[in-house]
Amino acid sequence: MSAITRSFLKKTIVSALGSKVISNPRLRAMRRNHLVTVLNIHRVDDHLGSAYEAIQPALFYEFVVWLKEHFHLTTFRKLNSIVSWDKPVLILSFDDGYRDFIEIVVPMLDSLAVEVNQNIIPDCVDTGRPPISVMIQDFIGTAPEKLLREIAFPGLPNGIRGLDRVRAGLRASAAIKYRPILEQKELMSELEPQFYRFDGYKTTPMMALNQIKEIAPLHEIGVHSFEHATMTAETDEYLVKDASRCLTWFKSNSISEPTVYAFPNGAAHQRHSELLHRNGFPTVLLVGEAFTCAHTWLHKRFTFYAKSLAEARFRATGGLAHTRLPRQPGSLRAI
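For the sequence shown, the residue numbers in this note's numbering are 105 to 439.
Read the hints as simulated data drawn from the structure, not as lab findings.
No experiment lies behind these values; they were computed from the predicted model shown.
Quick reminder that beta carbons are idealized off the backbone N, C-alpha and C, glycines included.
Worth double-checking, as some hints may not be accurate.
[Stated by the list, open to error] Distance windows between CB atoms, simulated:
| # | residue 1 | residue 2 | range |
| --- | --- | --- | --- |
| 1 | 383 | 314 | 26 to 32 Å |
| 2 | 294 | 214 | 39 to 45 Å |
| 3 | 249 | 361 | 27 to 33 Å |
| 4 | 314 | 133 | 42 to 48 Å |
| 5 | 361 | 314 | 15 to 21 Å |
| 6 | 300 | 341 | 31 to 37 Å |
| 7 | 300 | 214 | 35 to 41 Å |
| 8 | 306 | 187 | 45 to 51 Å |
| 9 | 278 | 150 | 21 to 27 Å |
[Said to hold, decoys possible] Here are the simulated BS3-like pairs of lysine-lysine, each with C-alpha atoms no more than 27 Å apart in a straight line:
| # | residue 1 | residue 2 |
| --- | --- | --- |
| 10 | 317 | 355 |
| 11 | 317 | 182 |
| 12 | 289 | 250 |
| 13 | 172 | 191 |
The whole structure should be built from the sequences, with the hints applied where relevant.
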């Protein structure tokens, strides 16, 4: 099957699944079962300077307008105050703290009176550089093809040959981000000098400290670990220290103490979530591709991406996930 045929079939299927015929019954079931949808978003931008894909701003705005009509939009800190379930509940949960959030997303949210959750990475704020896996995708998205063929990337030891840049970026990113953070840094120290062979190499801009302080009174600012480490590759001691470093960073920078911790790459064991909950974080976020409910401290999220409003509607109603009230283990229920 050709790429053009696959693309056409995907658009046709997504258009059908995102239609009112499908989405309206799902919305009713979500409302009836008191399901909470948490959409995990990273970038909203029309700049094509990375293999790390972003949602188009015009589409995002149109989507949020649709969300306001069909959902109660809230944040984790206000979740328990929901009293009416005449519409299902949804939280927009952003990760990483890219600069496009304050430059593109926040003005849209302000105009629509929508509050969201944004989980920042303190080390990325301090350095102005995105996570290591994103820096690799930034390079792959813009570097000359000749140079891409010459560099041995994680997951692509023979360079990038015969792959589109987005797929190559995803493969290289996946091959590095699930390693211990020290190993990631060592690999990057070997790779980045080669990146600078390309004069146009630059990394995705991050929000600065003053920008985070500017939006903190308006939106729910959480953390996405201190340096975007994958916790399943780290020790429990590392995780506890990471939580402490995050809390200290917020306090030293005079920002309200964060109550939300989102695991990088959605990677965590149950004991990791419980460790965080006992060490200063009332709300813990995973990925999980499932609905959550209001009365729990551990929430699953849906990875969100879309190239059309139909696809956005499909993902906002949970994709193919069951519209049943999620069962929470006793240890994870709110006390």
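Status of the hints after comparison with the structure:
1. For the hinted restraint 26 to 32 Å between residue 383 and residue 314, the CB-CB distance of approximately 28 Å keeps it satisfied.
2. Checked against the hint of 39 to 45 Å, the pair residue 294 and residue 214 passes, with Cβ atoms roughly 43 Å apart.
3. Distance hint check for residue 249 and residue 361: the Cβ-Cβ separation is about 48 Å, which falls outside the suggested range of 27 to 33 Å.
4. A hinted range of 42 to 48 Å for the beta carbons of residue 314 and residue 133 is consistent with their spacing of about 44 Å.
5. At roughly 19 Å, the beta-carbon separation of residue 361 and residue 314 lies within the given 15 to 21 Å, and the hint holds.
6. The given range of 31 to 37 Å is respected by residue 300 and residue 341, whose C-beta atoms sit roughly 35 Å from each other.
7. Distance hint check for residue 300 and residue 214: the Cβ-Cβ separation is about 38 Å, which falls inside the suggested range of 35 to 41 Å.
8. A hinted range of 45 to 51 Å holds for the C-beta pair residue 306 and residue 187, which are about 48 Å apart.
9. For the pair residue 278 and residue 150, the supplied restraint of 21 to 27 Å holds, since their beta-carbon distance comes to about 25 Å.
10. Restraint check: the Cα-Cα separation between residue 317 and residue 355 comes to about 12 Å, which is no more than 27 Å; the hinted pair holds.
11. Between residue 317 and residue 182 the alpha-carbon distance is near 20 Å, which keeps this suggested pair within the 27 Å criterion.
12. Pair hint residue 289 plus residue 250 holds up; C-alpha atoms about 25 Å apart against a cutoff of 27 Å.
13. Of the supplied pair hints, the one linking residue 172 and residue 191 holds, its CA atoms being roughly 10 Å apart against a limit of 27 Å.
When each numbered hint is compared with the structure, a violation occurs for hint 3 only.
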